[in-house]
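A.B. asks: One-letter residues, chain by chain:
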Amino acid sequence: APGMFLRLLSDVRWRATRPRWRRWMRSRRSTSSTAEPHPVSLPAQAQVVICGGGITGTSVAYHLSKLGWKDIVLLEQGRLAAGTTRFCAGIVSAARPVSIELKMADYSNKLYQQLEQETGVKTGYMKTGSISLAQTQDRLISLKRIASSLNVMGIPCEIITPKQVAQLHPLINIHDLVGAMYVPGDALVSSADVSLALATAASRNGVQIHERTSVSHVLVQKGRVTGVETDRGHISCQYFVNCAGQWAYELGLSGEEHVSIPVHACEHFYLLTYPLKEPLASSIPTIVDPDGRIYIRNWQGGILSGGFEKNPKPLFTEGRNQLEIQNLQEDWDHFEPLLSALLRRMPDLEALQIMQLVNCPETFTPDMRCIMGESPAVRGYFVLAGMNSAGISYGGGAGKYLAEWMVNGYPSENVWPLDLKRFGSLQSSRTFLRHRVMEVMPLICDLKVPRWDFQTGRQLRTSPLYDRLDAQGARWMEKHGFERVKYFVPPGKDLLDLDQSKTFYKPDWFDIVGSEVKCCKEAVCVIDMSSFTKFEISSTGDQALASLQYLFSNDLDVPVGHVVHTGMLNEQGGYENDCSVARLSKRSFFMISPTDQQVHCWSWLKNHLPSDSNLTLEDVTWKYTALNLIGPRAVDVLSELSYAPITPEHFPSLFCKEMSVGYANGIRVMSITHTGEPGFMLYIPIEYALHVYNEVMNMGQKYGIRNAGYYALRSLRIEKFFAFWGQDLDAFTTPMECGREFQVKLEKGMEFIGQDALLEQKQHGVYKRFTMFILEDHDTDMDLWPWWGEPIFRNGRYVGKTTSSAYSYTLERHVCLGFVQHFDEKTGEELVVTTDFINQGEYEIDIAGQRFQAKAKLYPFSSLFTQRRRKDEVELSGYQRE
Amino acid sequence: FYLTPPQVNSILKANEYSFKVPEFDGKNVSSVLGFDSNQLPANAPIEDRRSAATCLQTRGMLLGVFDGHAGCACAQAVSERLFYYIAVSLLPHETLLEIENAVESGRALLPILQWHKHPNDYFSKEASKLYFNSLRTYWQELIDLNSGETTDVKEALINAFKRLDNDISLEAQVGDPNSFLNYLVLRVAFSGATACVAHVDGVDLHVANTGDSRAMLGVQEEDGSWSAVNLSYDHNAQNEHEVERVKMEHPKSEEKSLVKQDRLLGLLMPFRAFGDVKFKWSIELQKRVVESGPDQLNDNEYTKFIPPNYHTPPYLTAEPEVIHHKLRPQDKFLVLATDGLWETMHRQDVARIVGEYLTGVHHQQPIAVGGYKVTLGQMHGLLTERRARISSVFEDQNAATHLIRHAVGNNEFGTVDHERLSKMLSLPEELARMYRDDITIIVVQFNSHVVGACQSEQ
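Going down the list, the protein sequences come from chains A and B.
FYI, in this note's numbering the residues of the first sequence are 1 to 882.
FYI, in this note's numbering the residues of the second sequence are 1 to 458.
Calculated from the structure, these hints are not laboratory results.
Every value quoted in this text rests on a predicted model; they were computed, and no experiment measured them.
Hints are all accurate, no fakes.
Part of the chain A face toward chain B, derived, beta carbon under 10 Å:
| no. | residue |
| --- | --- |
| 1 | ASP331 |
| 2 | LEU339 |
| 3 | GLN356 |
Computed far set for chain A versus chain B, every beta-carbon distance over 12 Å:
| no. | residue |
| --- | --- |
| 4 | ILE160 |
| 5 | ARG475 |
| 6 | THR834 |
Note that beta-carbon positions come from the ideal geometry of N, C-alpha and C, so glycine has one too.
Sequences are here, hints too, so could you generate the full structure?
C.D. replies: See the structure below:
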């Protein structure tokens, strides 16, 4: 009876077994509640509680239930699919620059396409295709780069001329266009309906859905989730998933144990119109005009058009405000630039009648990538939030990865770029987030060129030498909140200002970095590398050694004073971290990891070290300033400052000694430079930093010392074929695949994580191989520069992608690093990659659609570089990070 | 021929000046936050003058605009001298004595005023000695007169205005052995100037006005909108009381000839002014001075010309009307401007434009489509027009400049029209005066917190 549906309108429990629930679904939006709700009481316990009934929450529930987890409760404070999801523009597009995002979007599209058939719920899915327009040549280059990655992924995509654009979409003014990218597979959906369909399927699989139930906080005991407290009572659970969208930040802080989720909302506007006189065909492609900052899609014969303005309006900075969300105003004056862009793109729309200007808050993150994964502070606390206004495109794929993560321990793809642990509490300041998202939202439409840096939220973490270096012309970039020098602009030399310096070609700093590299090769340079993550692990007995032997693949039972390069691997043998460990004494170790490992490595260690009070782990990152003295004369500088013999006999490569430098005592000196060049890393207690720096610079004068930055370091390490964790190496790469077998001691007499997987690879071979490519016919001055993510072709067939690249001033060629795979020509099946396979191929690298011949190498050009110190070979054979 | 927007801006901004009252310990205890001033010439050279200064021996700040006619000499002299006369009139007996003793014994003088001047606002070096001596005579008389009573601001303002005008008149009669100075004092006396001066001390605002410049208070109503309150009366033919006053001062027989074509004796627009001895001196005195004066004066038809129906001088006075106003927190700013502004803009518009400029809020109702039928094109036109209105605000860092931009460039819709602005500013010198007058504006911004605090103390 109809009365039943009405009653169910406000029902809080959702059950697919209820009869005629589909009709209920259709009616629930058009009718308002007239009857008393019959809330079904919450269960006392569940395996998983998901908070948030938007696209992300329902997608997680859907995928968890697909993977066989049934004891799941989804809580939604209001109605399912009522928040940002309901207002979302519903564009599903795979045209994304980051490869993991592209994969998520591709999966989402395929999922939504069959969802209606699977669930019977209408999703409004319509494959319309999308056209991304380029008003400038630079924009066209960026589209071509995306097109290259889409094509090798098997997603149809082509670069088309303005004329072809006009054929695909009759309303577009093409006069200011230089080209466009057409992705025929992109689709439109009704986002709320997709979310409801996912909920329906999940519900059928046993997921319990309760609306109008809000989570007040999450209960934690001994660092593990134990339950949630809601306004309707308590639920005990093992896993909690925070899919609260723009409220995720506050929900994260609501419990006793804070989970920092750096997201911040901004207002987002789009326009709805009445249908055109001649209504738009439902198959008309969606238009994205990034130079005009707008998107335009068909909406019921009229259009839906929104955009990402230069001056976004952040909101809810001070926290949740229910009034604010209800009173979001249409702000036409704010929308004016976007409306101008729309009418410029489609002048014929002038006479079209406005229906509504929708203001819907969207959630943004500090780096424009969404946030997923387990909290480093609370086990069992998972997060999926911060979709940066692409919730529909990513929702399906992101939900799948998170579900895999929870069920299998890790997703089926490398999701480090999206991992919550890439952030720490340092990105949690509301002021920081407010300022940063105001930069991020416009960035969605901005041209993304190589090496861009965020301009907001800067100068948070700095080395004590910051002012000194800045005064000497340092130009800065930021990693994990830490300011690091890119290069030093010599006095009297001017670089282009920020906007003009954006280029896909040879950058303006080319000669500056070249001279820094030259100085590293011929004299000595100093690079401030204080941002490195530094941990100390010590114990009263042998616990430290024993634990580290279990955590690391290399043998750490080395004499005191030795430095060991080693991977910290997962069960599959993949790199969770790549670090150097110095044995300070029999019972204490000093561990150096990449800058952005601070949170991830800490939590990995915490989760894997035995809880033994005799074993202490300390983060000493802030206690040490790190100076890298690179170059053949580094040894002279250091010996003059320390009155200690530093000859290779006394101080061989990969050694660590505590010594005095100038007046300062207790400097940890290590004979490594992370570049393969001779030299030393100095770990200096911060109060001595300025003193040691001054001494080094004064003493170094006669040896031609100068400051250098990370760009020089990068060029040096890439030409030496050093891989870098986070860029070249990830949790899906093993030491065997990147030529680092020598860092794995399978027979060290102790079991370690990943050992079995590595043994297996040793016996059966690897399925991808880290390879170095030297570009042959590439003109550094005239051609587009490689960046990373460029497809690699072997004998004309796609075999993998580059992971990093740099110009080698020594080789006078571009060097790209990347992984080569071997796909069976017929079946596409992955085959073992042998040395012969690598060596017996003709290679090409695709830069924005243009292919350049490349020479593949599995070993660095050691013969090309002058060997000044024999022992360097140890380091030369391959270890690096930035 | 059009001026580009940057050219327009450089013309509009050439004379702009801003002063912010300095803060101590992060607090500004003055009821004045600061002021913006600017002037735009129509005459060449400009005949308007402006002055601003802080009184150092008493509290308070002085601001004034001066509109010269028949040359700029009188306006220049008044702009240099009037504030000293006012400051001296306000000084207590002991301070006057101290200053006199310092002068007597050749010691350094206590500074009386701190001027806030644009580089184009000059003081005449040559006349400074002469001016100083006249001023000293004035304070010596004040010392002798010592009434023992505390100085009333209103009285001080009136006395200062009258005394300065008197000195201008006397200096011209006595003459000076230096031929340059002699000619100068005569030019000062034979030209004229109106004055509109504000004295702000805490919540006490006094406006002394002589002539047809105007002071207007910008008041923010509770709903955020802006209204204007006049703090001066124009002394011209449009002011019935003023016409009445002039008629009272002269025999009935002159009633018809006193005001003709809205001008005093058919000649002078303002009914009160400094200088203008042609409307103050007896015919004999005028003739004597002109004849014994330098040739340039003698050759000048204007100076020789005696106004018609000139029977019972003086017809003109420099005595100001003073209005006292207690500042309230809703009183946000004061606009002092010469008639060049008020001829082109209604005071209500002035209040709104300055108010919106200073608060940074442009009281435009947000647009809502609601149930109306609006097309994208219509909406676009509306928004572009609204944006133009706002963008003109952000071009200016100075409220006075912003007001001038509107005064000169406003079209019939009340928005700045660049084309019109460009045309008005590129008029050749000889035509400019036909389309507009010199405009001089001072916008004083009040500190509502201090005003509120003072008010509650009282």
